[in-house]
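Could you build all of it, start to finish, from the sequences and the hints given here?
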Amino acid sequence: MDPEGIMYFAFSLLIVLMALSFAPKIGGGIVSIFAAFIIVAAAILIVILNFADYLAVSIGFGMLGITFQPAAGYTITKEQKSLIKQVGGIYYATGYISGNLFQYEFKQELGDEEIEAKMAEAPLKWEQAVSNITFPFKYHVLAAGLSVQNVRDELEGKRSYQEYELSKVMQNSSGKDMAVSEIQRKINVLQRKMDRISAGEKPVATVMYMETTAVGVSEKAALDELDRQISALQIALSPLNLDLQRVMGRELYTLFKFNFAIPLNHDEMSGYFDKQG
Amino acid sequence: MNPKIFILIGFLAIAAVLLVAAAYIPNGVVLDLLKLLLLALAMAFTVAAFASRYYSYLLIPMLQQRRRHIVLSDQPPYWLASTGDAIVVKKDNDFIATTYINIPIYVSGSEMSNEERQRFSYQISNLISVSKEPARFSTELRIMDKGEYLKLIKEAIGNAENELSALEKSEDVLAKDRARGKLSMWKKVLDHISSKSSMELVTFVTVSAIASKEYEAIMIAQQKARELMNGIGTILGVTPNVSVGGEVLKLVEPEYLIPLSTISQEIEMKIEHGVVE
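As given, the protein sequences belong to chains A and B, one line each in that order. Residue numbering for the first sequence is 1 to 277, as defined by this note's numbering. Residue numbering for the second sequence is 278 to 554, as defined by this note's numbering.
For the record, the hints were derived by calculation from the structure and aren't laboratory data. Check before you lean on any hint, since a few could be wrong.
[As the list claims (entries may be wrong)] Using 30 Å as the maximum straight-line C-alpha spacing, the simulated DSS-like pairs for lysine-lysine come out as follows:
hint: 1; chain 1: A; residue 1: LYS220; chain 2: B; residue 2: LYS473
hint: 2; chain 1: A; residue 1: LYS257; chain 2: B; residue 2: LYS490
hint: 3; chain 1: A; residue 1: LYS125; chain 2: B; residue 2: LYS465
hint: 4; chain 1: A; residue 1: LYS78; chain 2: B; residue 2: LYS368
hint: 5; chain 1: A; residue 1: LYS202; chain 2: A; residue 2: LYS125
hint: 6; chain 1: B; residue 1: LYS473; chain 2: A; residue 2: LYS85
hint: 7; chain 1: A; residue 1: LYS257; chain 2: B; residue 2: LYS446
hint: 8; chain 1: B; residue 1: LYS464; chain 2: B; residue 2: LYS428
hint: 9; chain 1: A; residue 1: LYS193; chain 2: B; residue 2: LYS281
hint: 10; chain 1: A; residue 1: LYS257; chain 2: B; residue 2: LYS453
hint: 11; chain 1: A; residue 1: LYS85; chain 2: B; residue 2: LYS423
hint: 12; chain 1: A; residue 1: LYS125; chain 2: A; residue 2: LYS193
hint: 13; chain 1: B; residue 1: LYS465; chain 2: B; residue 2: LYS453
hint: 14; chain 1: A; residue 1: LYS158; chain 2: B; residue 2: LYS501
hint: 15; chain 1: A; residue 1: LYS186; chain 2: B; residue 2: LYS527
hint: 16; chain 1: B; residue 1: LYS446; chain 2: A; residue 2: LYS78
hint: 17; chain 1: B; residue 1: LYS464; chain 2: A; residue 2: LYS202
hint: 18; chain 1: B; residue 1: LYS423; chain 2: A; residue 2: LYS220
hint: 19; chain 1: B; residue 1: LYS464; chain 2: A; residue 2: LYS257
hint: 20; chain 1: A; residue 1: LYS186; chain 2: A; residue 2: LYS118
hint: 21; chain 1: B; residue 1: LYS453; chain 2: A; residue 2: LYS85
hint: 22; chain 1: A; residue 1: LYS257; chain 2: B; residue 2: LYS428
hint: 23; chain 1: A; residue 1: LYS85; chain 2: B; residue 2: LYS527
hint: 24; chain 1: B; residue 1: LYS368; chain 2: B; residue 2: LYS428
hint: 25; chain 1: A; residue 1: LYS78; chain 2: B; residue 2: LYS281
hint: 26; chain 1: A; residue 1: LYS220; chain 2: B; residue 2: LYS527
hint: 27; chain 1: A; residue 1: LYS78; chain 2: B; residue 2: LYS527
hint: 28; chain 1: B; residue 1: LYS501; chain 2: A; residue 2: LYS193
hint: 29; chain 1: A; residue 1: LYS125; chain 2: B; residue 2: LYS527
hint: 30; chain 1: B; residue 1: LYS527; chain 2: A; residue 2: LYS257
[Said to hold, decoys possible] These stretches of chain A come out as covered by chain B in the derived footprint (C-beta under 8 Å, 3 or more residues):
hint: 31; segment: 39 to 52
hint: 32; segment: 55 to 66
hint: 33; segment: 85 to 95
hint: 34; segment: 179 to 186
hint: 35; segment: 228 to 241
[Unchecked claim] So the derived list for chain A, only partly shown, Cβ under 8 Å to chain B, looks like this:
hint: 36; residue: ALA19
hint: 37; residue: GLY145
hint: 38; residue: GLN149
hint: 39; residue: VAL151
hint: 40; residue: LEU155
We treat Cβ as the ideally placed atom computed from N, Cα and C, and that holds for glycine.
This is the structure in structure tokens:
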């Protein structure tokens, strides 16, 4: 959790604790049971919002049937996972999928030959994936260059920490081998990243997402078709070794706004994505 | 200070006041209910305070409008710059101009050797890190607008039908057969063209710039676009160009991804097939 998240979490739970301390004054018997229920429910909701806000908000608004108009002509559906635009009696439904590289696919862990084989495969895999798609879609990679010195300093700091962890584990006897190999793996990954920067490669932060639009003569028809297209897109792009998740909630609104203006710096870009992206 | 913090403090303050009120109201059957109500409201404000970190854009309009369809903005999401080569969004007192750069790549992975595919992948990898400023690299698969083509075929069908009806009373069997054949051919062409969508794949880069004046934002965005185009041209060996007017709309608006003329023809076909079956 980042410092801002900790601040929000701490202040909100402070009020919950305050409520708990006031609970005896609210009343006795059945009233105190209801009071405890309300306080515990609020605490649980805060914890859920902290770890999966997009899911909680999507379910909440879906149950309440609340829709949003982010701009003239557009509506965000109550499930918070699709955008609808109506033009000339035809409904256009748009949905987004985030594409994250699987952890084990990070190329820092691969050997040079494996990297080269993957690079040679990539255009073919992409072409095969796209040729299987028969509906409109967009594949976006949002990239922002990072400061070489800052990234280097950060990597060196992380490596020093891992080396300190390694020396600590070496002093203990239990579970030594597994822990040592895990830390060694992390150090190797960090070292590879540093080597790449030293070799002149520019560090870049990226966010990958896909967008597809379905059409229908009614809102329901368009949304049903959109669900089908999103499933088909997930299947078609699965050979690319991406973790494909449907975007919901606030990130849907963010990606909608990216159609018209992209973030202006790296801090702004990273601030939008911390759960799904 | 970030205005979001004021929302957090405001909501938490309301929650604290409601809690204190709930604690110090004297006990009684009706007053106990009031206390529970105040406690529930206090907890709702606490949850809202926590959620305001990401959802402040929704919470304030929700409280103000108190209905099931919340209007976040009743303005169009952007307007096209008078120069036609950028779209402009107003953000508080500033203007954000966004320019779209078309990258004409016409290569196929299946026609490349292993080395060529590897080289191409590295080129794309370098492309992503070409700019230190945030830039969005996108590929769009869209349905071709066959409106003009369909119009021509329908005209040809009309002409063939006229020709056939003119020959209806004629004794010339050969001419009649020829006219029937012509009509049947154009109908088959129309069926074939309408039966499935023709797709086109375009690659483009998006870049945005902010300024206090609209023309300044557009100029900065164009400057950024020119710098990016130089980098892209060097890496890929192609001549990128800035998308203008209708081409920009094809990258932004969902209805341009699926042209109305093509889609209405497809819907018509689906209905016809449904009736026949």
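Quick rundown of the hints versus the structure:
| no. | hint | result |
| --- | --- | --- |
| 1 | A:LYS220 / B:LYS473 | holds (23 Å) |
| 2 | A:LYS257 / B:LYS490 | holds (20 Å) |
| 3 | A:LYS125 / B:LYS465 | violated (35 Å) |
| 4 | A:LYS78 / B:LYS368 | holds (26 Å) |
| 5 | A:LYS202 / A:LYS125 | holds (26 Å) |
| 6 | B:LYS473 / A:LYS85 | holds (23 Å) |
| 7 | A:LYS257 / B:LYS446 | violated (64 Å) |
| 8 | B:LYS464 / B:LYS428 | holds (13 Å) |
| 9 | A:LYS193 / B:LYS281 | violated (36 Å) |
| 10 | A:LYS257 / B:LYS453 | violated (59 Å) |
| 11 | A:LYS85 / B:LYS423 | holds (22 Å) |
| 12 | A:LYS125 / A:LYS193 | holds (26 Å) |
| 13 | B:LYS465 / B:LYS453 | holds (18 Å) |
| 14 | A:LYS158 / B:LYS501 | violated (34 Å) |
| 15 | A:LYS186 / B:LYS527 | violated (45 Å) |
| 16 | B:LYS446 / A:LYS78 | violated (63 Å) |
| 17 | B:LYS464 / A:LYS202 | violated (57 Å) |
| 18 | B:LYS423 / A:LYS220 | holds (26 Å) |
| 19 | B:LYS464 / A:LYS257 | violated (44 Å) |
| 20 | A:LYS186 / A:LYS118 | holds (22 Å) |
| 21 | B:LYS453 / A:LYS85 | violated (49 Å) |
| 22 | A:LYS257 / B:LYS428 | violated (36 Å) |
| 23 | A:LYS85 / B:LYS527 | holds (15 Å) |
| 24 | B:LYS368 / B:LYS428 | violated (42 Å) |
| 25 | A:LYS78 / B:LYS281 | holds (24 Å) |
| 26 | A:LYS220 / B:LYS527 | holds (24 Å) |
| 27 | A:LYS78 / B:LYS527 | holds (27 Å) |
| 28 | B:LYS501 / A:LYS193 | holds (29 Å) |
| 29 | A:LYS125 / B:LYS527 | holds (26 Å) |
| 30 | B:LYS527 / A:LYS257 | holds (16 Å) |
| 31 | 39 to 52 | holds (count 7) |
| 32 | 55 to 66 | holds (count 4) |
| 33 | 85 to 95 | holds (count 6) |
| 34 | 179 to 186 | violated (count 0) |
| 35 | 228 to 241 | violated (count 0) |
| 36 | ALA19 | holds (6 Å) |
| 37 | GLY145 | holds (3 Å) |
| 38 | GLN149 | violated (13 Å) |
| 39 | VAL151 | violated (12 Å) |
| 40 | LEU155 | violated (17 Å) |
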